[in-house]
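Construct the entire structure; sequences and hints are all you get.
Going down the list, the protein sequences come from chains A and B. Letter by letter, the first sequence follows residues 0 to 285 of numbering that gives the first Met the number 0. Letter by letter, the second sequence follows residues 0 to 285 of numbering that gives the first Met the number 0.
Among these hints, one or two may not hold up.
[To be verified] Only pairs whose alpha carbons sit at most 20 Å apart, straight line, appear in this in silico EDC-like list of lysine to aspartate or glutamate:
| no. | chain 1 | residue 1 | chain 2 | residue 2 |
| --- | --- | --- | --- | --- |
| 1 | B | Lys26 | B | Asp206 |
| 2 | B | Lys152 | B | Glu170 |
| 3 | B | Lys197 | A | Asp258 |
| 4 | B | Lys234 | A | Asp239 |
| 5 | B | Lys144 | B | Glu102 |
| 6 | B | Lys26 | B | Asp47 |
| 7 | A | Lys274 | B | Glu196 |
| 8 | B | Lys256 | A | Glu231 |
| 9 | B | Lys256 | A | Asp239 |
| 10 | A | Lys234 | B | Glu102 |
| 11 | A | Lys158 | A | Glu170 |
| 12 | A | Lys130 | B | Asp206 |
| 13 | A | Lys274 | B | Asp206 |
| 14 | A | Lys174 | B | Glu243 |
| 15 | A | Lys135 | B | Asp206 |
| 16 | B | Lys199 | A | Asp259 |
| 17 | B | Lys130 | B | Glu141 |
| 18 | B | Lys234 | A | Asp259 |
| 19 | B | Lys130 | A | Glu213 |
| 20 | B | Lys197 | A | Asp239 |
| 21 | A | Lys76 | A | Glu59 |
| 22 | B | Lys174 | B | Glu235 |
| 23 | A | Lys252 | B | Glu102 |
| 24 | A | Lys197 | B | Asp258 |
| 25 | A | Lys174 | B | Glu141 |
Hints in this document: simulated from the structure, not taken from any laboratory.
Protein chains: 2
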Amino acid sequence: MKVFVIGIGLIGGSMAKDIKRSNPRAKIYGIDTNEVHLDEALALNIIDKKSSYGELNLAEVVIVSIPVNAMVLELPKILDIVNSNTLVFDAGSTKGNICRAVENHPNRSSFLACHPISGTEFSGPSAAIDKLFDRKANIICEVDKTNEDIHKKALDIFKQLGMRIRYMNPEAHDKHIAYVSHLSHISSFMLGKTVIEKEKNERDIFDMAGSGFESTVRLAKSSPAMWTPIFEQNKENVVDTLEEYIQNLEAFKEMLKNDDYDSIYNEMNNTNRIKEILNGIPQNKK
Amino acid sequence: MKVFVIGIGLIGGSMAKDIKRSNPRAKIYGIDTNEVHLDEALALNIIDKKSSYGELNLAEVVIVSIPVNAMVLELPKILDIVNSNTLVFDAGSTKGNICRAVENHPNRSSFLACHPISGTEFSGPSAAIDKLFDRKANIICEVDKTNEDIHKKALDIFKQLGMRIRYMNPEAHDKHIAYVSHLSHISSFMLGKTVIEKEKNERDIFDMAGSGFESTVRLAKSSPAMWTPIFEQNKENVVDTLEEYIQNLEAFKEMLKNDDYDSIYNEMNNTNRIKEILNGIPQNKK
Chain A
0 MKVFVIGIGL IGGSMAKDIK RSNPRAKIYG IDTNEVHLDE ALALNIIDKK SSYGELNLAE
60 VVIVSIPVNA MVLELPKILD IVNSNTLVFD AGSTKGNICR AVENHPNRSS FLACHPISGT
120 EFSGPSAAID KLFDRKANII CEVDKTNEDI HKKALDIFKQ LGMRIRYMNP EAHDKHIAYV
180 SHLSHISSFM LGKTVIEKEK NERDIFDMAG SGFESTVRLA KSSPAMWTPI FEQNKENVVD
240 TLEEYIQNLE AFKEMLKNDD YDSIYNEMNN TNRIKEILNG IPQNKK
Chain B
0 MKVFVIGIGL IGGSMAKDIK RSNPRAKIYG IDTNEVHLDE ALALNIIDKK SSYGELNLAE
60 VVIVSIPVNA MVLELPKILD IVNSNTLVFD AGSTKGNICR AVENHPNRSS FLACHPISGT
120 EFSGPSAAID KLFDRKANII CEVDKTNEDI HKKALDIFKQ LGMRIRYMNP EAHDKHIAYV
180 SHLSHISSFM LGKTVIEKEK NERDIFDMAG SGFESTVRLA KSSPAMWTPI FEQNKENVVD
240 TLEEYIQNLE AFKEMLKNDD YDSIYNEMNN TNRIKEILNG IPQNKK
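This is the structure in structure tokens:
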């Protein structure tokens, strides 16, 4: 199986590792605008060969794991080159713009729109890890626009990766993911900013930070090059989530100013339900 | 060594476990208003004996790990009973109110005001774990008001627990801890609330949540009974941090509304410095 990974970073690299483990005879071709990453991926044995669009006609599977602004530009070009029986799937964190970018492409049926919900705050091929996708959700959009055999080929790969499949339309994906992913990133970045700004002259104050602070600012280590275009493509939903989040913070602040500690207690007590909700996620079940 | 732990939950219980391991001859007496917790602590071998204020005159060391609203009421009573050579220290997350509550107590010099920066989102004696305090910071306030021998006795215990000591005045503690701890809890609770409210009719949407969401809402599992009085006692500082956080979120939202993606990129890029800052914390060094 000839697998091309376009964008050989955390996601593409981790997929390549898992695919190689499950398919010892798979040959992984890496394509990346970053030559250093390509060399790293080769040295780390994540890819078997550096490649380019000129060889894409050889591909049986193409994984496109690049920032979503590049995705909308590159996917049509990739579909121009590959054969009609080649599976092309993406790993973009937005789905509306990406699906629209290829909706009228003559080779649309070779493409499966995916969002594997998995990652870490790190990036590049050195961040690639084994079993990153095990028990994680993979959201597939507009499956009816993908050729049935191609869809089946993708499901076989996702099964090897251990993923749980969810089908959803791109609009629902983009709306919900704004709440359960994009908002978390902004809350974390702005928390980090608030504290860095305040404590800029007192670096050693971070010595006082416990694991709770670390946990809430972890996502502020994420890549701006990856996240800026995600916020751009999902602008309307993200603005909505931010407005609701800010309203809730304002309300909490007012309760505090008004010494309304019963309401503060109740707010926190109601939100404690998040425990059961998180425990209900299959990936969290032991 | 007779050690009394008043409030035998996550913090008091974890301290008891470490002290017993380092001092096999230490006898741990547990005092708690929650009889179930006392029985649990006894069954878990965290304490050796259930006790009450009536026996506090026997104590060589008293650890007070109760919610900060109870702390300001109980500490003076405890200092009334113990001998003048008994070490009493607290583990409260605020320091101004607690120090003021005992400032004129005739036995003030037996007391050491402490904040061990360690914990998890869980509570109760079953949440107690070994080595919770290893390499963590312990903020000591108003050390000059504590008897020197008593201070030394405390340092010996903290050394056994593996803690790093920092000295600070209560006002500085309360101001900085609002940024690196209290704000994180509110941001997490309000993030949880925003998402639960939005998705209340679509519980299975949480299936889409990845590890990033989990990380940012982890603190929303925390105990409202513990946190409400912390916010009350540190109200002014917490309101300040909330105002700055909300301003930063508003500014981010405006950039997004204005399609100012260069500024969004720069904001995130600047905040990426949190990586180096977190790596600089001694507890994070390998």
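Results of checking the hints against the structure:
| no. | hint | in the structure |
| --- | --- | --- |
| 1 | B:Lys26 to B:Asp206 | 47 Å, violated |
| 2 | B:Lys152 to B:Glu170 | 25 Å, violated |
| 3 | B:Lys197 to A:Asp258 | 27 Å, violated |
| 4 | B:Lys234 to A:Asp239 | 29 Å, violated |
| 5 | B:Lys144 to B:Glu102 | 9 Å, holds |
| 6 | B:Lys26 to B:Asp47 | 6 Å, holds |
| 7 | A:Lys274 to B:Glu196 | 15 Å, holds |
| 8 | B:Lys256 to A:Glu231 | 9 Å, holds |
| 9 | B:Lys256 to A:Asp239 | 11 Å, holds |
| 10 | A:Lys234 to B:Glu102 | 54 Å, violated |
| 11 | A:Lys158 to A:Glu170 | 25 Å, violated |
| 12 | A:Lys130 to B:Asp206 | 18 Å, holds |
| 13 | A:Lys274 to B:Asp206 | 14 Å, holds |
| 14 | A:Lys174 to B:Glu243 | 27 Å, violated |
| 15 | A:Lys135 to B:Asp206 | 9 Å, holds |
| 16 | B:Lys199 to A:Asp259 | 25 Å, violated |
| 17 | B:Lys130 to B:Glu141 | 26 Å, violated |
| 18 | B:Lys234 to A:Asp259 | 11 Å, holds |
| 19 | B:Lys130 to A:Glu213 | 19 Å, holds |
| 20 | B:Lys197 to A:Asp239 | 11 Å, holds |
| 21 | A:Lys76 to A:Glu59 | 16 Å, holds |
| 22 | B:Lys174 to B:Glu235 | 9 Å, holds |
| 23 | A:Lys252 to B:Glu102 | 30 Å, violated |
| 24 | A:Lys197 to B:Asp258 | 27 Å, violated |
| 25 | A:Lys174 to B:Glu141 | 51 Å, violated |
Checked against the numbered hints above, the structure violates hints 1, 2, 3, 4, 10, 11, 14, 16, 17, 23, 24 and 25; every other hint is satisfied.
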